[in-house]
Amino acid sequence: AHLPQSQQLLRIRVETSRFRIHSQLRQGILWTGRF
Numbered sequence: 001a002h003l004p005q006s007q008q009l010l011r012i013r014v015e016t017s018r019f020r021i022h023s024q025l026r027q028g029i030l031w032t033g034r035f
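Mapping the sequence shown onto UniProt numbering, position 28 (from 1) lands on 28, and the numbers just tick up by one.
Among the hints, a few may not be true.
Have a look at the derived ranges for each label pair, beta carbon to beta carbon [stated by the list, open to error]:
#1 T32 / Q5: 27 to 33 Å
#2 T32 / H2: 41 to 47 Å
#3 R26 / P4: 30 to 36 Å
#4 I12 / T32: 28 to 34 Å
#5 Q8 / G28: 37 to 43 Å
#6 H22 / H2: 26 to 32 Å
#7 Q7 / Q27: 28 to 34 Å
Derived from the structure by calculation, the hints contain no laboratory data.
Cβ coordinates follow ideal geometry from the N, Cα and C atoms, glycine included.
Kindly produce the complete structure, drawing on both the sequences and the hints.
Right, dumping it as structure tokens:
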């Protein structure tokens, strides 16, 4: 089950964006927790 290049790139992009959103949420929670 080898995915085409476009599918792999799309999946990687989704994973990285999801990770970025999680990190931003975590930073936001930390910032709101400080004040």
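Structure-based check of all given hints:
1. T32 / Q5: 27 to 33 Å: 41 Å, violated
2. T32 / H2: 41 to 47 Å: 44 Å, holds
3. R26 / P4: 30 to 36 Å: This hint holds: roughly 33 Å between Cβ atoms.
4. I12 / T32: 28 to 34 Å: At roughly 30 Å between Cβ atoms, T32 and I12 fall inside 28 to 34 Å, so the hint holds.
5. Q8 / G28: 37 to 43 Å: 30 Å, violated
6. H22 / H2: 26 to 32 Å: The hint (26 to 32 Å, Cβ to Cβ) holds, given that H22 and H2 are roughly 29 Å apart.
7. Q7 / Q27: 28 to 34 Å: 31 Å, holds
The structure fails hints 1 and 5 (numbered hints given earlier, in ascending order).
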